[in-house]
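Position chain X relative to chain U; hints supplied.
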Amino acid sequence: MQLTVNGTSHEVDVDPDTPLLWVIREELGLTGTKYGCGIAQCGACTVLVNGVATRSCVTPAESVAGQSISTIETVEETETGRRVVEAWVENQVPQCGYCQSGQVLAATALLTETPQPTDEDIEYAMTNLCRCGTYNKIRAAVRDASEA
Amino acid sequence: MGVMDLLKKTPINVSRRGFLAGAGSLVLATSLPSRPVRGQESEAGPDVPAFLELRPDGTAHLMSPWIEGGQGVYTAMAQIVGEELDLAPENFSVEIAPPGGPFGVMGGFRITGGSASTRSSYTLMRRLGASARAMLIEAAAQELGVEASELTTEPGQVVHSASGRKIGYGALAEAAMDMPVPADVALRDPADFRYIRSGTPRIDVRDKSTGKAQYSIDVEVEGMLLAAVRHAPRLGMAPSAVTNQSDIEAMRGVHSVHMLDGAVAVVADKFWQARKAIDAAEIEWTEGDAKWPMPADFSSRGFRDTLAGFTGDVVSVESEGDAAGTLDAAETVIEATYDAPYVVHGQLEPPSATARMNEDGSLDLWLPNQAPEQFVGRAAEAAGIDPSQVKLHSQMLGGFFGRHFLYETANPFPQAIALTQATGRPVKLIWTREEDFLRDAPRPLGLARFRATVGPEGPTALSIEAVGEGPTGRWYGAPAGKDPSATEGLSGKPYAIANKAIGQVYTDNPAVIGYWRAVGHSMHDFMYESFLDELAEAAGLDPFEMRLSLLSGSERHHTLLQTVGTLSGGWKAGTYEAEDGSTRARGVAMASPFGSEAATIAEVSIDGGEVKVHNIWTAIDPGQIVNPAVIEAQVQSATALGVSQTLAEELIYENGEPTARNFDLYSILRPDQMPEVHVEIVESGAEMGGVGEPGLPAVGPAIVNAVAALTGQRIRSLPLSKHSFG
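Heads up: the protein sequence lines correspond to chains U and X, in order.
Everything in the first sequence is counted per the UniProt record's numbering, starting at 1 for the first residue and increasing by one.
Everything in the second sequence is counted per the UniProt record's numbering, starting at 1 for the first residue and increasing by one.
To be clear, the hints were calculated from the coordinates, so they are not data collected in a lab.
As the structure is a computational prediction, the values presented were derived from the model and not from experiment.
Glycine included, C-beta positions come from ideal geometry on N, C-alpha and C.
It is possible that some hints are incorrect.
[Unchecked claim] If you anchor each label on the Cβ, the simulated ranges turn out as follows:
(1) U:Gln2 x X:Glu282: 34 to 40 Å
(2) U:Asp121 x X:Arg55: 44 to 50 Å
(3) X:Asp261 x U:Glu62: 48 to 54 Å
(4) U:Arg143 x X:Asn244: 51 to 57 Å
(5) U:Val12 x X:Ala308: 55 to 61 Å
[What the hints assert, rightly or not] Restricting the straight-line Cα-Cα distance to at most 25 Å, the calculated cross-link-like pairs of lysine to aspartate or glutamate (DMTMM-like) are:
(6) X:Lys270 x U:Glu62
(7) X:Lys722 x X:Asp297
(8) X:Lys212 x U:Glu27
(9) X:Lys212 x U:Glu79
(10) X:Lys212 x U:Asp121
(11) X:Lys612 x U:Asp121
(12) X:Lys291 x U:Glu62
(13) X:Lys270 x U:Asp121
(14) X:Lys270 x U:Glu76
Only chain U is shown next, with the shape it has when bound in the complex:
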């Protein structure tokens, strides 16, 4: 099947039900997207599909063939993504960092769709788990990135 990831089209030969997560990690070698739970609970595997935050661990690769997929590796190629990353650095958000690819992409999707989110918008969109408990810094960084 054809998968368009980070603007490049790839021909991948996998079982159609292979989760997008494992295609990205193992076939394309992009390891910024993380495996956390495999059942769409934690969000560490978040990627953007046509700009929408999507949990790739339960997304069959076949279902997104031909769509525009982007991963953390190219997040800084958009103005919003750049702003989010800078806000993440400025607020010193990450601790262990393992969930942060997903958090940054979830924030990028939110701010692309809703540049001036309300607190409720943020609560609704930012649902990824962080075991280090960086939630307050995440909220502050999203607010900073939205005001910039």
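Just chain X now, kept in the frame of chain U:
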């Protein structure tokens, strides 16, 4: 045998007799000495060339004894060495030092745990930086043909003030490393610190915000195969057959199927292929021979009741006055039993290990770990080779909280070694989240029985029996009474109570138990501080005022409690209405974990029958500080775990198996449950304590005390989610 010698060994279930002979109270991970241990303070200077590489571009590369897992230790090390070296922390790169050699700074070994990294190596790291600076000055003196005494430094360069000449560290790097390491160097006056005590940004944050940070799970080795396992549903069982093995072997990408100790593995070209195949495997299980087999009828609920009713010898841990006599003579004795459940680590990076046997018989291992020397020992055993043949590549940790110590049956690497030996290929084994839950070494279910009596001023006698086993008993053979992990947080409290008797009643915990963030403190302070509020109520006293009065003899604690009161806008007793119309109340608690002191106030309401935590105020006194921003971040993080375990976490066992295998049936704190966290750091000047764990223990009891103030319900068994609140 001293405790440090004991720790050097691969932990085993050694005889409890003889443990810690003569080692006093300096025990293991939970209370490591904060002073440098012997061996670190040798006559000669520190091994500068081993730890520090000065590069021609003027930067420095530091080998850290401690693994980074989000706690900011790489940044702290750069700050401390940079302070004395006179080089700004942002000019450092830091990586984990390999096992052994000069890096076993705890006396031939080290563990990243017990909130001990910075405090235990603070002096060594300062001397390291100061020695390297002296070597740079010596090299510059030769280069300029002047006396070293005429030279000084500015950040990144040596300066000859008399002539105005300056040479950058980069230009001196090579010559400096050829200089002898000075035996004795003066350390900077703390009054002149620029980097230590500053909120230096953490050096790995950008990579972690852009997906560039690499973890064990990301390791790639040429020619490697990927493996997935399925463990026996109950520990102690063994696979007897895979009835559809030929079907499995025929699945796409599958290389081979392997029977392991208590598990079946599939090795394939890709992980998803291995995972799909192991999910399809039909495995027959039979009774096997594990060291700690789970009884087939084991349930956590039943075990809680067993502990509550267990009678055995009480081994004294702390005693003052005559608690038994006072209680016998008392008119009214207040009694309560408290318990806290098993909890999993739930670090977001699932465990993995990559193993490669080389032609020369050596083994390369890439994995997460908090104790490299111990892992080398166990890996050598597993591979049947000499420890010198093991090359361990410790990887940055995607969270740890105690998950990556050496625990029998909880680490994937022995399986990875077996699989690389069986296939002759490098193998990366990843445990799915389900396998992680199944074989994690959870925080032990703990229980304590309290008896006390009060007078008009507060408690006059207190007796506590902690029933059960701590991880230090399990893994390092600490006997009852000498295992801090079994009683810390019940013992070591600062309150002046004239008669007290605190002891441990040992009994085996059938689960493979482990260290969880704040270890014994994570549950014991909940029990103690909650019961203390019960005593305040019995005495008709305000819980905050009663604590102040019990701490009147300890200025450090008294100050800390007053600080958190002020931080929260002044202590508020009783219920009140908040701006949003909710009815709220507050609770207070304190803890003395890992050489630091903490005082916490929590504010809660009831929302839809569940407890909502709005605010946590914590005053923390680590004695002396290195990075206030890191301390604030660690208190945020410890608070999150403290709130999480108080509200909802509980690993339930039925029929010898955990009922939850992932985050769907086992809740960890969600973003919308995170309270606002307000932190004040008090630097009392006492000996340096830890910062990674101390923010956690007081959070739970502050919440539970607030809930009691709000609802009148006294909760003695966590988590709160199993209780209903009108």
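Original post:
Do the Cβ positions of U:Gln2 and X:Glu282 conform to the proposed distance bound of 34 to 40 Å?
Top reply: holds (36 Å)
**OP:** Could you check the hint for me, namely that X:Asp261 and U:Glu62 are 48 to 54 Å apart, CB to CB?
**Re:** The hinted range 48 to 54 Å is violated for X:Asp261 and U:Glu62, with Cβ atoms some 38 Å apart.
Subject >> Given pair status - U:Asp121, X:Lys270, alpha carbons within 25 Å >> reply: Answer violated: X:Lys270 to U:Asp121 is near 38 Å, above 25 Å.
**OP:** Please work out if X:Lys212 and U:Asp121 have their alpha carbons no farther apart than 25 Å.
**Re:** violated (28 Å)
Original post:
Quick one, are X:Lys612 and U:Asp121 close enough, alpha carbons at most 25 Å?
Top reply: Holds, at about 20 Å.
Subject >> Distance restraint between X:Lys270 and U:Glu76, which requires alpha-carbon spacing of 25 Å or less >> reply: Violated - the C-alpha atoms of U:Glu76 and X:Lys270 are around 29 Å apart, more than 25 Å.
Original post:
Between U:Asp121 and X:Arg55, does the C-beta distance stay in 44 to 50 Å?
Top reply: Cβ of U:Asp121 to Cβ of X:Arg55: about 46 Å, so the range 44 to 50 Å holds.
Original post:
Would the pair X:Lys291 and U:Glu62 pass a check requiring their Cα atoms to be no farther apart than 25 Å?
Top reply: The hint is violated at about 45 Å.
Subject >> Distance restraint hint 55 to 61 Å, applied to the beta-carbon atoms of U:Val12 and X:Ala308 >> reply: holds (57 Å)
Original post:
Keeping to a limit of 25 Å between CA atoms, is the pair of X:Lys212 and U:Glu27 held or broken?
Top reply: Cα-Cα ~18 Å, so holds.
**OP:** Given the hint that X:Lys722 pairs with X:Asp297, test it: the Cα-Cα distance must not exceed 25 Å.
**Re:** holds (22 Å)
**OP:** Take a look at whether the Cβ-Cβ distance between U:Arg143 and X:Asn244 falls inside 51 to 57 Å.
**Re:** holds (54 Å)
The structure is inconsistent with the numbered hints 3, 10, 12, 13 and 14, although it conforms to all the rest.
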